[in-house]
Every structure is written in C-alpha cells, then in structure tokens.
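Visitor: Position one of the sequence shown corresponds to residue 160 (my numbering), numbered consecutively onward.
Quick caveat, the hints were computed from the structure, so don't treat them as lab data.
Check the hints yourself; a few may be wrong.
[Said to hold, decoys possible] Listed next, with one range per pair, are the computed distances between beta-carbon atoms:
| # | residue 1 | residue 2 | range |
| --- | --- | --- | --- |
| 1 | W197 | P325 | 17 to 23 Å |
| 2 | K367 | T202 | 34 to 40 Å |
| 3 | P200 | S330 | 18 to 24 Å |
| 4 | R203 | D327 | 32 to 38 Å |
Just so you know, even glycine gets a beta-carbon here, dropped at the ideal spot from N, CA and C.
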Amino acid sequence: MGETVLAFRPEARVNPQPVPEELARLVREVQRVPWPLWTEPATRTRREVAELCRLQTARGLTVLALLALGGREGPGNHPPATDTPRTAETRRVQVDPDVAEAGDHLWRWLTATNRLAGPRQQWMYGVVDRMPGAVRELAVANWTWALGTSHGGQVTSAFLAGGAYPDDGYSAAHATVALLRLWERRPESRPQIAAAWAATRTPADWCKAAELSAAYGAPVPIFSYPRGALPDRTSVRPWAARLFGLEGPHRCA
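Build out the structure end to end from the sequences listed, making use of the hints.
Guide: See the structure below:
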C-alpha cells in the first residue's frame, strides 16, 4: 500500500493525502455489522448492542490508526498469520470479493463480526495505541459532541444503521429506530453507541477529506464536530476509556 503522509496545519488540523483503495474499501466494510432490528427482548438487545458497540469502536479506531499510519507495513500493524479467526467464528463475515483479493488475513480480522476477544482484541488495541494524538482527538471530539447534543440519538442511529445495511433500506430503517429507542430510553447506553459512531464516522470523514483534496488540489482538513466535555468516568465502559485514551499512556486531557 502507498504511504499516507500526515500534514498538520498550524492549528493542528489533520489534512490527509489520498487513501489507498484497499483502505477506502475497508472503511466501508467495517461499518457492516448486524445491529438488531427491534428492541425486544430488551435485556438481550441491550447486551447485544453493547457488545457490537465495543466491536465497532475497536474496528473503527483500528482502521483510523491504519489510515494515520499510511496503511504501511510495520511491527504490529498487521495481525499474526497464525491467529486468523477460525472458520466457525466467522460465519457472518461479509467481505467484498475485490477486498478479499487484496488481502491477507488483515481483512478477515477486521471484517469478522464475531465477538471481539483474545489475540484479535489485543492486536486491535495495540494498533490503536500507535495512533497519533491529533488523529485520536478527532474521534474524541466526535464522541463527546454526540453525547452533548440533543440530536445525538438521531445522528448516531441513522449513520450506524445506514452503514450496516447499505443495500437494505428496510433493515436500515428498523435498525435506526431500534438504536434510537435504546438511546432515548436507556441513557446508560449512550456513551457506547456514541463511541461506535465516532469510531466509524471519523475514518469515513477522513476518506471524504482525501477525495476533496485530490479533486481540488489543495489540503482539506478532516471534518470533526466541536469537542464537548468528557463524560463522567462512571458512565464509560473500561474498553471505551482504553480506546479513546482516557487512561494509559495516551490519556486525553
């Protein structure tokens, strides 16, 4: 893959260079996940959504980190070949045939929708740890904005459902309603849903900025919403705190 060079304006906004086609396709693929199409039974649905939010946050931020690192080969940037998810665990994998041709096991690790655990989780977390701070801040800004605006439920649910079911308007509409109801009725679910949205929305905005930059022949900064206050730590799951840098060596202020 070609190397993507990060260029920073004086105000530290990120201006991406053209994105390799393999990574651009991966940005779309990781949005595909089986969000529930209804909210009943409520307890089971909440557990399922919470697990999918963790998966989407890790997948989205891993792809964002790979975009920031230029998709280049490097220590830890690609998963170990011997730890590819087993066939029984990847029954719901949806991989574009063209993407599959491009890829080694990296595509399988990132497009598999089975529960995130073990070496796969460790690899994703490790790649996210290497994300440049200015790039991580884009995702954190989007996350906190969604939690602080009255429109957070509508914005997050529509994007997540549309990306998950791009060719199925019926399922996308039902998933949108299911996620919106969960956001409105269960405030404790909001940090998780917003995390999944921010993690997958930011790579998509990266690709849009790269396309505009190529079209106009000038640097175009990645769009991000204004950063809000960080949520109370008691409402944030440990995995979200780790991935968004609320703790550890990449801790956000």
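Visitor: Next, verify each hint and record whether it holds.
Guide: Right, here's what the structure says about each hint:
1. W197 to P325: 17 to 23 Å: holds (20 Å)
2. K367 to T202: 34 to 40 Å: holds (38 Å)
3. P200 to S330: 18 to 24 Å: About 19 Å separates the Cβ atoms of P200 and S330, which means 18 to 24 Å holds.
4. R203 to D327: 32 to 38 Å: violated (22 Å)
Violated hints amount to a single one, hint 4; each of the other numbered hints is respected by the structure.
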